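**Student:** Start from the sequences, fold in the hints, and give me the full structure.
2 protein chains.
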Amino acid sequence: MKEIEVKTPARPAGSYKILISHGMLGKVLSAAGALLPKRSLFIVTDANVVAAGHLQTLTRGKKVNKYVIEPCGEESKNLGTIAKIVDAMEAASLGRDTTVIALGGGTVGDMAGFAAAIFKRGVPVVQVPTTTVAQADSAIGGKTGVDSSQSKNAYGAFHHPSAVFIDVDTLKTLDERQFKAGLAESVKHALLADAEYFEYLDKNMDEVLARDPDAMEHLAEVNSRIKAFVVQHDPEEKNLRRILNYGHTVGHAVESATGYSLLHGEAIAIGMVAAGKIGMAVGLGDGRKLGRVEKVLDRIGLPVVMPKGIETPVLLEAMSRDKKAVSKRPRFVLLEDIGKVHSKDGQWAVEVPEETVEKVLAELSS
Amino acid sequence: MKEIEVKTPARPAGSYKILISHGMLGKVLSAAGALLPKRSLFIVTDANVVAAGHLQTLTRGKKVNKYVIEPCGEESKNLGTIAKIVDAMEAASLGRDTTVIALGGGTVGDMAGFAAAIFKRGVPVVQVPTTTVAQADSAIGGKTGVDSSQSKNAYGAFHHPSAVFIDVDTLKTLDERQFKAGLAESVKHALLADAEYFEYLDKNMDEVLARDPDAMEHLAEVNSRIKAFVVQHDPEEKNLRRILNYGHTVGHAVESATGYSLLHGEAIAIGMVAAGKIGMAVGLGDGRKLGRVEKVLDRIGLPVVMPKGIETPVLLEAMSRDKKAVSKRPRFVLLEDIGKVHSKDGQWAVEVPEETVEKVLAELSS
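Residue numbers (the numbering used here), protein chains in the order written: chain A, 1341 to 1706; chain B, 1341 to 1706.
None of these hints come from the bench; they were simulated from the model.
Note that this is a predicted model, so its numbers are computed, not measured.
Backbone N, C-alpha and C fix where the C-beta goes; we use that ideal spot for every residue, glycine too.
You may find that some hints are simply not true.
As the list claims (entries may be wrong) - If we take Cβ atoms under 8 Å as the criterion, some of the chain A residues that face chain B in the derived model are:
no., residue
1, K1347
2, P1352
3, L1359
4, P1411
5, E1414
Said to hold, decoys possible - What the simulated footprint calls covered on chain A by chain B, stretch by stretch (three residues with Cβ under 8 Å from a Cβ of chain B suffice, anywhere in the stretch; the number is not a length):
no., segment
6, 1360-1369
7, 1422-1429
8, 1460-1471
9, 1481-1490
10, 1554-1564
**Tutor:** Encoded structure:
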């Protein structure tokens, strides 16, 4: 037997910037061009974003090669759309010297980021998130991907953006339900890492719901800081990054059991209440604090109980397929207090007796 | 404007092994299991490899989850096949704790490697190349990908294998034309980096063509050493790795102009003769040495002149789209001598006056 070793070189540490402001969308393309010189730009966006006028603001009426995803949302989040994006790039004779600009919500960012990750073995992407959920969560951290017929994000890559530009003015045109659902990520970040942020949300909810620009910038900043802290300590979700799945074990099961009729943030709101109750059942937190969480979610207008007709066994089955599950036993991210995650033996996602989970789910459905 | 920096951590240097032997295919799965413990195995192969009996030898008749690509070759090298591979993995309830085993030639390795690179944001792949071209070239170095309707490897990822197992016994069943075409990569490696290897090929061609196991192991070893040296110095093809494109500027154009009726190695043989003539035209090499190269290629049974009916303008047009082209002007890897690549100002791919290229192509077609 002959043996030859192939060395794979180290990759140096790097960084990218999240820039938060309002009224800056018209300057993003020139800023991206300055950051990544001598590259052609290719914009990926969707029909909703175009209808809201943001593409026009971004390009300032100049002709830029682009692909507009339609229909919007999860329905298009598949390999077929990736092929259409790449076909459009090739039809425009673009090559490796291209930068992809992702203008839109979470699904646009996921698809544009994934297309950039695999086009000619990888070109840079600049994320320009336009929704509460994308600005708080999905545009930061480098997760990209599309769904298969059988599961979400079955195809994907870790592909860090070269920059993230958050213009909170884009939130003005966001549909009320989408806007509110995205705020669930802000509550999640506060619960996981920042008690002061939770107080801010509690006290300034009127300004938040009115989409006051200063409040929106503050949210974007705190969300970005928390998300950045977590992902830079565990970019490939080997442990700490799992805390961002707070509320997601039950939340994903609710999404699946309702056939995705709830928005992600709505399902996560229910999931966070469930996680709070599960925490209490295993001796973490107390009812008064959980009551405060429920009150904030309710003021936003997010659900805090299970929708009618969702059977507990269906949820349990869906949870056994959760990505944090080990040997089909789901694991949960739990809180010790508002602003503080629980960990056990260095693990941030912990196992909970099935009967406890079952009892809490039944209680939430009654 | 608020600004937040997200750090992306360094990735440490690593390595993987190429193991070369004969009669070891039946031990590969247990070796892969020992190398990457606690992972389910999933084999990707194609109908030709199954027909040759190699899948049976690999699994020793045990049931292992798999996907068999059909039809074989470039025709299947597209996103549709990637979707079928991933569907088969999901149907077998496989998740992130899977290792993909790529058993086959270059296209199988490219597809299996790419599916592994993007399944659930990346799982390990072990390459088990079964053809001369895959053993010499494509299984080593981490390039994976599939074609779009418009270009080769439009979709792809750099995804290093966790190990490469080369069992030269698999070459015994290889179709004569495929076997010979793959030897073009051996000649290429010798010309680029190893004059002694060129002498070996010249003196031992009878043993090589008879597929003598010792000769096959020697070729696999020298090819692996040369390829490993190059890719570990420039894994993402920013400069040095381009030398592996020797003969490919014209070769790819010939493939395209003949509608892929020539095998890759056949087109590269013509491309290497063209590169030799272009080198001479710009003052590199001499006719006697080029004559030796032509003689070796001819003894293998590879073409050294252009097939009838290929028009020079068609070739020039195709070359303007070569990936090494800058502003549509193709660049060429050239030799200073057998075993020594030419470089200019630190670049390994150099520009050549168009009239020189045109003259050489016309000469090869006459």
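**Student:** Hint by hint, say whether it matches the structure.
**Tutor:** Comparing the hints with the structure gives:
Given hint, K1347 of chain A at the interface with chain B, holds; its Cβ is 4 Å from that chain's nearest Cβ, closer than 8 Å. The restraint placing P1352 of chain A at the interface with chain B holds, with a minimum CB-CB distance near 5 Å, inside the 8 Å limit. Among the interface hints, the one on L1359 of chain A holds; its C-beta lies about 6 Å from the nearest C-beta in chain B, closer than the 8 Å criterion. With a cut of 8 Å, the hint placing P1411 of chain A at the interface with chain B is violated, because the nearest CB-to-CB distance is about 20 Å.
The restraint placing E1414 of chain A at the interface with chain B is violated, with a minimum CB-CB distance near 17 Å, outside the 8 Å limit. Against chain B, the segment 1360-1369 of chain A contributes 3 residues with a C-beta closer than 8 Å to a partner C-beta. That satisfies the three-residue criterion, and the hint holds. Beta-carbon proximity to chain B at under 8 Å applies to 4 residues in the segment 1422-1429 of chain A; the threshold of 3 is reached and the given coverage holds. For a cut-off of 8 Å, the count of residues in the segment 1460-1471 of chain A with a CB near a CB of chain B stands at 3, and the three-residue condition holds.
By the rule of at least three residues with a Cβ nearer than 8 Å to a Cβ of chain B, the coverage given for the segment 1481-1490 of chain A holds, with 7 such residues. Counting residues of the segment 1554-1564 of chain A whose CB lies closer than 8 Å to any CB of chain B gives 4, which reaches the minimum of 3, so the coverage claim holds.
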